[in-house]
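Protein chains: 2
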Amino acid sequence: MELIEKANQEALSRMLAAEPVLVDVVPASVAIPALKDRMILHAGPPVAWDRMCGPMQGAIAGIAVFEGWASDLEDAASKAAAGEFDFHPNHHFDAVGPMTGMTTISQPLMVVENRTYNNRAYCAVNEGLGKVMRFGGNDAEVLARLAWLRDDFGPAVGKALRSGDGIPLKHLIARGLTMGDEMHQRNVACSGLLLRELAPALARTSDDRETLATALAFIGGNDQFFLNVAMAMGKAIMDPVRNITGSSIVTAMSRNGTDFGIRVSGTGDTWFTAPVEMPKGLYFPGFTEADANPDMGDSTIVETIGLGGFAMGASPAVAGFVGAGTASDAGNFTRAMAEITAGENPEWTIPAMDYQGVPTGIDIRLVLETGLAPTINTGIAHKQPGIGQVGAGVVRAPMKCFEKALIAFAESLGVK
Amino acid sequence: MELIEKANQEALSRMLAAEPVLVDVVPASVAIPALKDRMILHAGPPVAWDRMCGPMQGAIAGIAVFEGWASDLEDAASKAAAGEFDFHPNHHFDAVGPMTGMTTISQPLMVVENRTYNNRAYCAVNEGLGKVMRFGGNDAEVLARLAWLRDDFGPAVGKALRSGDGIPLKHLIARGLTMGDEMHQRNVACSGLLLRELAPALARTSDDRETLATALAFIGGNDQFFLNVAMAMGKAIMDPVRNITGSSIVTAMSRNGTDFGIRVSGTGDTWFTAPVEMPKGLYFPGFTEADANPDMGDSTIVETIGLGGFAMGASPAVAGFVGAGTASDAGNFTRAMAEITAGENPEWTIPAMDYQGVPTGIDIRLVLETGLAPTINTGIAHKQPGIGQVGAGVVRAPMKCFEKALIAFAESLGVK
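Heads up: the sequence lines are chains F and A, in that order. Note that the first sequence covers residues 1155 to 1570 in this note's numbering. Note that the second sequence covers residues 1155 to 1570 in this note's numbering.
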């Protein structure tokens, strides 16, 4: 037991020592040299084409057309079914992606560097709300936006970031928590704080006024812009926490729309999976739970570092948005998550809870002891391809993942 | 009594019906044609030179040098003492100004239009924190910043605003309240939201990249940038509430560093004054209450519309900053202010208080009945000219103002 406590303290101290900095935006082929033509990275643990959910298949068809690997969506789907594309999880390539989480060679990826451990993590640029690829959208409007992100926006933001020393994210998150963000379903404050840092550099480095104005309007018009930055940050923080012998701390939680998977520090890169659950939430006008796809995306990396559902107490406004009860109840979610975590983050605090730190470092033993599964704030995609987001809600990580993980963890320590 | 209730309901409905929009930045001489050479508008009710506090005299000396009416600070002070400048309250010219509140012909003023009642109100541009003119600063650095605001920043922002239909403020304030701002001592969210709206227009209308980048950095680097917008908005909302026969609602609260003054709707433009009080607060390193100037500025217009100290419950982080107790106590201030107000603002709500609206429309009768004076969140200036801000705190409006006002109000209704 002492070994485990020590290992978990080491895991927690690595999380708290991280210094994540947004440093660049580069094409995925540059960020991830192992990413080749006709390779498609997706959210969650590994999944084959025939087990993929509707929006995941829709996004894959869309991105294949976008990359020029198929003439149209139908062609793309039949090529996918015929095994012409190579599917892998983002997590296997230092990357994360929201919802369907498509990552392919030509897309621009945001780069977050963890300066304490010299590792980097990547995430695509947030496309905005509604009909977008991460929610399974794949029509001409969706592909045109991706082309603009690739050709104009990404290069402009990359140039702006490279002109300085990057944007440190730790303090920015701390401010965001005092401004009602939990960095999963609410990123309005952090998106604005990021814009404050980026805008002068964008203005100084841009040589095209229209691209500059459109880029500023794109960031300023998208309350969730920061989510993808928070995700890359989460990955950059958690990667150095992997492979600590004896640590029962969760290093990744992730879903592909079919399976939910977790990884635990002491058991290395093994995924422990179970079927995803259906979020309980609120639906946009015209949609109901009957339209909803089950839980999906790598975005649960933010809960893994104490944000999202774990920081609900910082964000009474999100409690209403995700249908989690009254605003004054928001703190209860955070208090519950403190029951399953190794500690608090003293730098990321919640004013309305008298500056309690966010619960940090999910311990699979505590999850099973308390029966409290991690709370996740999530967007909800339509189950059919091509439609997009239909709501937002709260979902639990399946207990089965933690049961499987604990067995393997015990075995890793020689316990049967 | 029925007359008073009806009049107060009319006052409240005018407040809630307001549609304030930030539309322009123009030189004060253009905004206020009655503002002439050697006229100096200041915060608070009328006050003569020899009764002015140190930072007010310091700011007047500085602005006189800035306008070229004096060769140096000493020359300016002796000219002021000799009666060469004409002093008036901002409030007499549709304007407001924070702390010392200097308004003179060449300064750029932000223009807020109340589109429901077609009136406009004005406020100078926020200079940032520390040694600035509104806190009595007056050296070369302070004057150089004012010159840049006049020559570069003001014209650029004015041009950007004129290129569109203005920036509606009501919804922006509503979002800011969900993000921890109370719009007096905390404006970090609204400053960012305003930047989101302004940045693309600035980029489209600027023809000088360096001015653009510097302007974006100036707004992005000043968490209190929005305060002056909120103040002009407050004035634009309250001016149409003046002169409703029988209304006991406060239309202005304001302080010149010597006297605190209030105006009440039913008694027109009469000021009811009493000596200002000393804020209770927290001081910046190296300063104590012995350095502090008593309460000052027109910024209390934000409390008059239900923000600032009245919206403390929205802003647990500000409770700590102004030394008002623990963060979880912040709601108590808002609950207390609900005892002295005519109603709630259903569009400006506080998530952490389960979307209670901010207490709106101070009724002088309720202030005297309950003995609860309005709570004001305020910055604290050094009492000597030339130094600047030394802290922030909470202060009460003097009860004496309300006593005097009630007597005059009763007389206005024929009651002795």
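Hints were generated in silico from the structure; no laboratory data involved. Since this is a predicted model, take the numbers as computed values, not measurements. Careful: at least some of the hints might be erroneous.
Because identical chains share one entry, a pair is satisfied inside a single copy or across any pair of copies.
Stated by the list, open to error - Dumping the calculated DSBU-like pairs for lysine-lysine here, alpha-carbon to alpha-carbon at most 35 Å:
no., residue 1, residue 2
1, K1190, K1160
2, K1324, K1434
3, K1434, K1190
4, K1313, K1537
5, K1324, K1285
6, K1570, K1313
7, K1554, K1233
8, K1233, K1160
9, K1537, K1570
10, K1285, K1233
11, K1285, K1554
12, K1554, K1313
13, K1537, K1160
14, K1190, K1570
15, K1233, K1570
16, K1285, K1570
17, K1434, K1554
18, K1558, K1313
19, K1554, K1160
Do the hints match the structure? See the list:
{"no.": "1", "hint": "K1190 <-> K1160", "in the structure": "neither (40 Å within a copy, 74 Å between copies)"}
{"no.": "2", "hint": "K1324 <-> K1434", "in the structure": "both (31 Å within a copy, 32 Å between copies)"}
{"no.": "3", "hint": "K1434 <-> K1190", "in the structure": "neither (38 Å within a copy, 64 Å between copies)"}
{"no.": "4", "hint": "K1313 <-> K1537", "in the structure": "neither (38 Å within a copy, 47 Å between copies)"}
{"no.": "5", "hint": "K1324 <-> K1285", "in the structure": "both (31 Å within a copy, 29 Å between copies)"}
{"no.": "6", "hint": "K1570 <-> K1313", "in the structure": "neither (54 Å within a copy, 73 Å between copies)"}
{"no.": "7", "hint": "K1554 <-> K1233", "in the structure": "within (34 Å within a copy, 82 Å between copies)"}
{"no.": "8", "hint": "K1233 <-> K1160", "in the structure": "neither (50 Å within a copy, 73 Å between copies)"}
{"no.": "9", "hint": "K1537 <-> K1570", "in the structure": "neither (41 Å within a copy, 73 Å between copies)"}
{"no.": "10", "hint": "K1285 <-> K1233", "in the structure": "within (24 Å within a copy, 66 Å between copies)"}
{"no.": "11", "hint": "K1285 <-> K1554", "in the structure": "within (32 Å within a copy, 60 Å between copies)"}
{"no.": "12", "hint": "K1554 <-> K1313", "in the structure": "neither (45 Å within a copy, 60 Å between copies)"}
{"no.": "13", "hint": "K1537 <-> K1160", "in the structure": "neither (44 Å within a copy, 55 Å between copies)"}
{"no.": "14", "hint": "K1190 <-> K1570", "in the structure": "neither (42 Å within a copy, 89 Å between copies)"}
{"no.": "15", "hint": "K1233 <-> K1570", "in the structure": "neither (45 Å within a copy, 91 Å between copies)"}
{"no.": "16", "hint": "K1285 <-> K1570", "in the structure": "neither (49 Å within a copy, 68 Å between copies)"}
{"no.": "17", "hint": "K1434 <-> K1554", "in the structure": "within (19 Å within a copy, 55 Å between copies)"}
{"no.": "18", "hint": "K1558 <-> K1313", "in the structure": "neither (45 Å within a copy, 62 Å between copies)"}
{"no.": "19", "hint": "K1554 <-> K1160", "in the structure": "within (26 Å within a copy, 63 Å between copies)"}
Hints 1, 3, 4, 6, 8, 9, 12, 13, 14, 15, 16 and 18 from the list above are not met by this structure, while the remaining hints are.
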